[in-house]
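Take these sequences, add in the hints, and give me the full structure.
Residue numbers (our numbering), protein chains in the order written: chain A, 1 to 86; chain B, 87 to 371.
These are calculated hints, taken from the structure and not from any lab test. Each hint should be verified, as a subset may be incorrect.
[To be verified] In the EDC-like style, the derived pairs of lysine to aspartate or glutamate whose C-alpha atoms are separated by at most 20 Å in a straight line are: (1) B:K316 to A:D3; (2) B:K324 to A:E6; (3) B:K324 to B:E304.
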Amino acid sequence: MLDTLEVTQQVIAILNDVLALQPDHALRADSLLLGSIPEFDSMAVINVITALEEHFGISMQDDEICAATFDSVASLSTFVERQLGQ
Amino acid sequence: MTGSPASTSGLPFFLPTSSGQCFCIYYAPPAAVALRGAILYAHPFGEEMNRSRRIAAVQARAFAAAGLAVLQIDLHGCGDSSGDFAEARWQTWKDDLALAHGWLAANAPSPVSLWGLRLGALLMLDYARHAALPVERFVLWQPVLNGQAWLTQWLRLRFAIHMLDGESGNNHVHGTQALRAELAQGQSVEVAGYELSPALACAIDAVDATTLAPAGGEVDWFDIAGNADKPPSPATAKIITAWQRQSIEVRHHQVVGQAFWALPEITECQALADATLAVFPAQMS
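Structure below.
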């Protein structure tokens, strides 16, 4: 089972890959995403969801895909962790 | 980049099938290079097919130059083959692969390996379970692991633009569930310009790599990420472990590159090309 730190690190790695962020845009657990990172548009959200699902082997339901989930690295990591715990 | 010799340019032709004809390209090794193996390729689906065409063609030429004959087939309802996507069926695709496999074995007599990208890799694994001909090796490029998850991701494309409108509980909620309900009632749904039949959706929903451990042949599994030091993802590791418990020989390769099947820009992935070629032994044993 992955711990919180590992999940957060893997979420950050996926965001870096999918959004192709520049190195000076280093993400941390408290980094804000939606509305703060210009690369984070609706197609990017779709691609991030797909990458998270394929990486962790989880499945996001329609009603779980909301702005609050994508608010920050921390909110996204918490969501993934909850899915993994189920 | 080294230029490809003209002798490894592909030979296009149509392969007759029970439901029409499939467009194929055959890449034979140049005359001076001994044939040491053959490879059948299964493409991914939807936009991923278009976006990966170039990399697949470049890889096929590299294989051919190294003595590995390659057959690429556009499956029924895809690319330049006959039929609309609405008529495509999972079983028809497996039948197409069986015909292509037979054609390749007859025209390039040597051990045949199967190579697939994304959903094409999952299709290859499912096809191989009942393949009449032997399989030497499986080359899986970023395989889709679960058909149900893939289908949901694909249905979700319909709602991309409204993905994050407002908060939870807004009107786009249950979008993919509504589309699934239409499919369950026997209606086709259209997503991103592709009309998906209930029969195809149902078949894709049922495929799961966990239960598709390839009985014969070694497996070389390639995942692409921005960082080569990354271990296999938890989802990948789970399936590889399950397969290894069934004494399947699986090697996982992590290569550096971008998700070229998802990118609208034309990209290359030299690390993937090199690593894939390297799994084929230089001499036939």
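Determine which of the earlier numbered hints do not hold for this structure and return their numbers in increasing order. The structure breaks none of the hints.
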